[in-house]
Amino acid sequence: MPESKKRAMRAISKPAAYGPDLDINGYSRSGEEGYRCPLTELPEDVVERSLEVGVTPREEERSATYFQIDHSVVFSAVREMFKGKVEVLSTAEALQKYDWFKDYWWRIVPVDADKYTALAELKWDQGYFIRILEGEKVTLPLQACLFISTDNLNQNVHNVIIAEPDSEIQMITGCTVHRNVNRGLHVGVSEFYIKEGAKLTFTMIHDWSPRFDTRPRTGALIEEDGTFICNYICLKPVKSLQTYPVAYCKGANSRARFNSIIYGSSDSYIDVGAKIVLQNEGSRGEIISRAVGKGESTIYARGMLVGERENTKAHLECRGLLLSDKASIYAAPELLAKTNGTELSHEAAIGKISEEEVCYLMARGFSREEAEALIIRGFMDVDILGLPEELKKRIEKMIETTTERAL
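The sequence shown begins at 1 in the numbering used here and counts up by one.
Simulated from the structure, these hints should not be mistaken for lab results. Note that the Cβ used here is the ideal one computed from N, Cα and C, for glycine as well. Just to be clear, a hint being listed does not mean it is correct.
Stated by the list, open to error - Distance ranges between label pairs, derived from CB positions:
#1 G26 - E310: 32 to 38 Å
#2 E3 - S354: 54 to 60 Å
#3 E396 - L336: 32 to 38 Å
Said to hold, decoys possible - Once the Cα atoms are required to be at most 30 Å apart in a straight line, the calculated DSBU-like pairs of lysine-lysine come out as:
#4 K137 - K352
#5 K338 - K397
#6 K338 - K313
#7 K102 - K5
#8 K83 - K137
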C-alpha cells in the first residue's frame, strides 16, 4: 500500500483545525455517470449554472477548458492556437502519462492534514492537471468547472497546476451545483507550483446551495521571481465552508497575494483564511479580504503572515460590513516574525453601513435601498482582484444581482 494511503487511513477521523466537524460518511458516493461531449452539447441547465460561476460554453473565449460533473470528466481540451503552450488533463490521466507527476502529488498539501485531505486520497474523484509550458504567455484565460448534479453527493477532487519558468496565465475555476441539489460535500485539494519567473492568477468562484458543505484545501509553492495571485469569491448561501490556503514564498523575490470577497447570507457558516510564509529574501505577500454579513450568517476572516528571512515584507487587510444584527463577522489577523529583518503589518475594521453615506446619496436622488446597494457594491471592490475586463464585468454583475436581491 502506498505511504500516502497509509497516512490518509490514519487521518480519516481527524477533525480540521477550523470549521464545523462533518460526518463524512453521511454523503452518497454514487454520482451520475457522465460521458464526454462538446461544451455546446451540455444540458441547458448545466450551462446556465456554469455561466453563473464564470465558465462559458464559448470555447473561443478561453484558451482551454476542463469540465467535470460529479465523478466524471465530460470535457477536457486545449484550443488549437494554444496547443504546445498549455496542457489540460485529468489528474488520473496525468498520473498514467508522466512518471514525474507523482513528485507533485501531495507535496505541498499534507495528505494527513485532516479528514478531508484523507478523504480526497482514499475516495479520489479525479480533478484537473494544468501545465503552462516554459516561456509561454497565454493570452486568454483557462477555465475549469467542478459541477455536482446529484443530491447528497460527495465529490473529492485533487488538482495540480504547474506554471513552468517564465510562463503566465489567468485561470478561472467555477464550482457549483445543479438547481435540484440540496446538500452534499465538495472536497477540493489544489497544489500550485509557480516556477522561476512565472505568474499565475487564479480566480475561484463558488455558488453552492444553502445546505451544502465544502472544504477546499490549497497550497502554493512559489520559486524565485514567481508571482501567485489567488482570488476567492462566494456570494451565495452555503451551509458551511472552511478553507485556509497556504502560500510558501520559497524563492528570492517571490510574491503571493490572496484576495477574497465574501457575502454571507441566511444562516451560512463561512470560515475563510489565508497564510503566507516568506522564506527567502525579497519575498512579498498580501492578504486582502472583504466580508459582508447578512441574515444570521457567521463569517470568520482569518489571515496569517510569517516572516522567516530578512528583507521580506507583507500586509494583511480585513474589512467587514454587517447588514444584520443577527449576523457576525470575526477578524483574526496573525503576524509571526522569526527574524529582525521582516516587516509585517495588518489592519482590520468591521462596522455597519454609514447613515451619513446613505443620506448623502439619498440627497442626490437615490432611494434608501439604492443607496445601500451602491455602498455595498463599492465595499465589495472587484478592482482588488486584478482581473481581465471581461471577467471583472461578469463578477461586478454577480455582485449587483446579489445586492439587489438582498435589499
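Here is what the structure says about each hint:
1. Checking the proposed 32 to 38 Å range against G26 and E310 shows it is violated: the Cβ atoms sit about 49 Å from each other.
2. For E3 and S354, the Cβ-Cβ distance of about 56 Å falls inside the hinted range of 54 to 60 Å, so the restraint holds.
3. For the pair E396 and L336, the beta carbons lie near 36 Å from each other, so the given range of 32 to 38 Å is met.
4. Under the criterion of a C-alpha separation no larger than 30 Å, the hint pairing K137 with K352 is inconsistent with the structure, at around 43 Å.
5. Proximity of K338 to K397 is assessed by CA-CA distance (about 43 Å); at most 30 Å being required, the pair is judged violated.
6. Taking the CA atoms of K338 and K313, the gap is near 12 Å; set against the 30 Å cutoff, the hint holds.
7. At most 30 Å may separate the alpha-carbon atoms for a hinted pair to count; K102 and K5 meet this at roughly 14 Å.
8. For a cut-off of 30 Å, the pair hint linking K83 to K137 stands: about 12 Å separates their Cα positions.
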